[in-house]
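This is what each chain is made of:
There are 2 protein chains.
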Amino acid sequence: MYQSNLISKTRKQISQTEESLNAQILIKSGYIEQVMAGVYAYLPLGYKVLKNIEQIVREELNKISAQELLLPALHPKSYWEKTGRWESLDVLYRFKSYYTSTELALGSTHEEIITPIAKNFIQSYQDLPFATYQIQTKFRDEKRAKSGILRGREFIMKDLYSFHSSTDDLDKYYELVTQAYLNIYKRLGIGDITLKTYASGGTFSKYSHEFQTISDIGEDTIFVCEKCNIAINKEIIEEQKTCPECDNSDLIQKQSIEVGNIFKLQTKYSEAFDLEFTDESGVNKPVIMGCYGIGISRLMGTLVEVFAVNESKMLWPESVGPFDIHLITLNTDSEEVVKKSEELYIMLQKEGKDVLFDNRNERPGIKFAEADLIGINKRIIISSKTIAQNGVEIDGQIIPFDKI
Amino acid sequence: MYQSNLISKTRKQISQTEESLNAQILIKSGYIEQVMAGVYAYLPLGYKVLKNIEQIVREELNKISAQELLLPALHPKSYWEKTGRWESLDVLYRFKSYYTSTELALGSTHEEIITPIAKNFIQSYQDLPFATYQIQTKFRDEKRAKSGILRGREFIMKDLYSFHSSTDDLDKYYELVTQAYLNIYKRLGIGDITLKTYASGGTFSKYSHEFQTISDIGEDTIFVCEKCNIAINKEIIEEQKTCPECDNSDLIQKQSIEVGNIFKLQTKYSEAFDLEFTDESGVNKPVIMGCYGIGISRLMGTLVEVFAVNESKMLWPESVGPFDIHLITLNTDSEEVVKKSEELYIMLQKEGKDVLFDNRNERPGIKFAEADLIGINKRIIISSKTIAQNGVEIDGQIIPFDKI
Chain A
18 MYQSNLISKT
28 RKQISQTEES
38 LNAQILIKSG
48 YIEQVMAGVY
58 AYLPLGYKVL
68 KNIEQIVREE
78 LNKISAQELL
88 LPALHPKSYW
98 EKTGRWESLD
108 VLYRFKSYYT
118 STELALGSTH
128 EEIITPIAKN
138 FIQSYQDLPF
148 ATYQIQTKFR
158 DEKRAKSGIL
168 RGREFIMKDL
178 YSFHSSTDDL
188 DKYYELVTQA
198 YLNIYKRLGI
208 GDITLKTYAS
218 GGTFSKYSHE
228 FQTISDIGED
238 TIFVCEKCNI
248 AINKEIIEEQ
258 KTCPECDNSD
268 LIQKQSIEVG
278 NIFKLQTKYS
288 EAFDLEFTDE
298 SGVNKPVIMG
308 CYGIGISRLM
318 GTLVEVFAVN
328 ESKMLWPESV
338 GPFDIHLITL
348 NTDSEEVVKK
358 SEELYIMLQK
368 EGKDVLFDNR
378 NERPGIKFAE
388 ADLIGINKRI
398 IISSKTIAQN
408 GVEIDGQIIP
418 FDKI
Chain B
18 MYQSNLISKT
28 RKQISQTEES
38 LNAQILIKSG
48 YIEQVMAGVY
58 AYLPLGYKVL
68 KNIEQIVREE
78 LNKISAQELL
88 LPALHPKSYW
98 EKTGRWESLD
108 VLYRFKSYYT
118 STELALGSTH
128 EEIITPIAKN
138 FIQSYQDLPF
148 ATYQIQTKFR
158 DEKRAKSGIL
168 RGREFIMKDL
178 YSFHSSTDDL
188 DKYYELVTQA
198 YLNIYKRLGI
208 GDITLKTYAS
218 GGTFSKYSHE
228 FQTISDIGED
238 TIFVCEKCNI
248 AINKEIIEEQ
258 KTCPECDNSD
268 LIQKQSIEVG
278 NIFKLQTKYS
288 EAFDLEFTDE
298 SGVNKPVIMG
308 CYGIGISRLM
318 GTLVEVFAVN
328 ESKMLWPESV
338 GPFDIHLITL
348 NTDSEEVVKK
358 SEELYIMLQK
368 EGKDVLFDNR
378 NERPGIKFAE
388 ADLIGINKRI
398 IISSKTIAQN
408 GVEIDGQIIP
418 FDKI
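Line by line, the protein sequences give chains A and B. For what it's worth, our numbering labels the leading residue of the first sequence as 18, then goes sequentially. For what it's worth, our numbering labels the leading residue of the second sequence as 18, then goes sequentially.
Same shape as in the complex, but just chain A:
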C-alpha cells in the first residue's frame, strides 16, 4: 500500500485528555481515535493489528478443538436475574427499549447467554465435552476510563466456554487452554514476560489463574517465583505466601497487566440454568463448566506499553504489525530512485509481503519520524546513496538487492 493512500495521518500533538502511553502513541500514529472516554475507533492501521492478534488467538484455540461462534451484545434481563448478576454486576449497562419497555443489558460477559444455548445441545454424556468461543465486542460501565485501550468501556474480548461431564475432564481441558494461552503470548512476543498467575478460585475451586504481563504501568501487583516462572496475585498472597509449584518463598513483587484469565466455573451457571446431562448410569447431573478470557484490544494496548521505545517511537512484533515491511524512498527527485523503488515494491509484494510504501516527496526527517511512530518491524530504506552501493539499507547495513 502506498503510504500516501492511507486515510490516517500521524500527528505530533493530541488532546491532553489521554493519560495513557498506549492511547497517546496509537492516536498519534493514526491507529486509533478516541470517540469518548474509554471508547475508541480502530482506524485501518489499528484494525489490521487487531485482526492479526485475533487470528493468532483463533488459530491456537482451533488447535484445541474449540468452535467459534458469535453471541449477541443485547441481553434480556431475565437471563441475568437467574444468576443474580442483574443486581450484583455493577459495570453492567442496563436500559429499556423505548417501544416495548423490555429491560436489556449490554453484555460484559456471556455465561448468561451461552449456558441456556448449550441446553439445546446437551442431553447425555455423549454430547460432552465441547468448547466454544467468540471474539466479540463487550461493554462495561466503568466509573473512570483512563488507561486507553487497556480498560475501555467498549472493548474486544475472546471468551471461551467449555462443558464437561467430570471435573477430571475439565481439569484436562483447563491445562490445554493454559498451554494455548502460553503459545498465544509467545507468538505475540511477550512470552518471556507473561506469567501464569495463581488467583482466587472463588467458591468452587482452590485457584483460578490469570496471565500477567510484567509492566511498570500495570494496574496489578503480582509476586513472581523466578524458579518456576509463575506468579501469585495480590488477592491471595496473604494465604499463599510461597510458590504453589515449588514452595519457594523468595517471591519478587512486580507490577503487571492482566492479559488473560481462566476459571473453573464448575456447576455455578449450569445449576442456575438447569443445564444437565444424563451420565452412563442414567443419572441426571449438572454440566461442569470452565470459562477462559483474553482481552484482544487490551493485548494490543499491552504490546504498545511493552514495545514502545518512547512516546514517539513504537516497534510492533513482526507477528502482529500492520505491515511486514515499511519501504521508504529518499531522494524522490531522482528518477532512478523512483524507478528502482517501484520495482522493489512490486517485487516484495510478489514475494507475498504486505508492504507500506512511503514514496512521498517529504524530507527524510519527517518520513523517519512518522515511520518511528507507525513502528513496522522491518524497515527498508532506498536512496541515491544505497543505489550507488547497489542495495538498500536495513538496520543501518547496506544489503545488496539480490540479498533482500
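The hints are simulated quantities; they were obtained by calculation from the structure and are not laboratory data. Mixed in with the good hints there might be a few duds.
What the hints assert, rightly or not - SDA-like mimics (lysine to any residue), calculated; alpha carbons at most 20 Å apart, straight line: (1) A:29 - B:53; (2) B:384 - A:285; (3) B:113 - A:340; (4) B:80 - A:115; (5) B:26 - A:138; (6) A:113 - B:53; (7) A:136 - B:93; (8) B:160 - A:117; (9) A:26 - B:147; (10) B:26 - A:143; (11) A:163 - B:93; (12) B:29 - A:144; (13) A:189 - A:148; (14) B:26 - A:117; (15) B:26 - A:340; (16) A:189 - B:22.
Keeping the supplied structure of chain A fixed, place chain B upon it in accordance with the hints.
Quick look at chain B alone, frame taken from chain A:
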C-alpha cells in the same frame, strides 16, 4: 470436521414464536439461536456462513480501494445532537451511564462517528478522495421483530463512507460501488434476482438507490423494468411512472427484500460537523460524502428465503455454505465402508476442501433429513452399494473414486 463433533444439533421442532422461514430453518438446522425477539446468536455453522458472506463483501470493496476500519457501538449524545438525530431517529437505543450519567446511544448507523473522525485527516483537496468501511454490529429499537434475521434489533452491517472534493468525483465512486454491489450479489448466487432500484434521493440528490432481491416474502414493493433489469421503489413510483433508464412504462410490480442501499449524502453531514477542505484555489469548502450499506446478516436471511426448498430443506450457494462438501457414510457397520470413507475424508481435505463428515452410526433417513436441513451444496454419499461400483454417489449418479 466430524459431524459428531459439531456442537449444534438439528431439531425437528422449534418454538412457535418464530414466524419467519429464515429463522425457522436456521434454528432447526443449528445455524442460529434466538436469544430474544430480534436478537440471535450465530452458532458455528451460522458463523461460518456469516464470515463467508463478509469475506465476499470485503474482497469487492477492497478492489475499489476502500479501507477497512472498526467504529464503536457506544456513541456520545453530543454527536447525535449535532445532526438532530438524537431526537428524530426513533429506533436509536438511548441510555445513561449509571456512574457518570453520560447519555449514550447504541449505533444504528455511523455518519455521526465517521464524519468527526475524518476531520482529523482532511485538510486540503490532496487528502481526497478516500473511502472507508466497517463490518460491525448495529442496533435498532424496533417496535416489532418478526422477520428473523432479515430485520433484527441487533444485526451485522457493512457500512461504507466516501469523501470527495467534487460531486463529479462522488458520482464516479458511486458508480464503482454500484458495480461492486452487483458483483457481490452475483457471487452470492442472487445476481439474477437482485435489481438496482431507484429510490428517493432526499433533499440533495434526485435519486438514491437500493438493491432489491425479488422474493414473495419481501416487505418492499418494487416496479421492475424487464428491459433494463432495474426497478423503482414504491416511494417514488407516483412521481416516476416510467423506467428512468429507458422510459419504458410497462413496469411489473413485485415483492422484494432490500439487500443494500447507496446514498449521495452530499454535504449534509460535513456541514453538521464542519468537515471542510481547502480547494486548489485556497477556498474552504464542505467535503462531499456518500454512504453505502449492506446488511450482512440480512443477506444471510435472504439467501435462506431464496434458496430454501421448503421448511425442512435448504441449499446454500457454494460460495457461502459452511462447508464445501457434506460427506455421508451409510452402512457404518461395514469395516470396508468405514475405512474407505475415512480415506476419502482425508483425501478431500488434502485437496483443500472443507468437509463435514457424517460417519455417525445413524439410519440413512435421519442422516439425509439432517443433511437436507444443513444444506451444504455438494453431497457425496459412500456406502456398500457405491463401493461395490467402485465409487461414490453424487447427485444420484455413481462417480468412480478417481473422478471425484
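>> For each hint given before, does the structure comply? Return the numbers of the non-compliant ones in rising order.
In response: Structure breaks hints 1, 2, 3, 4, 7, 14 and 15.
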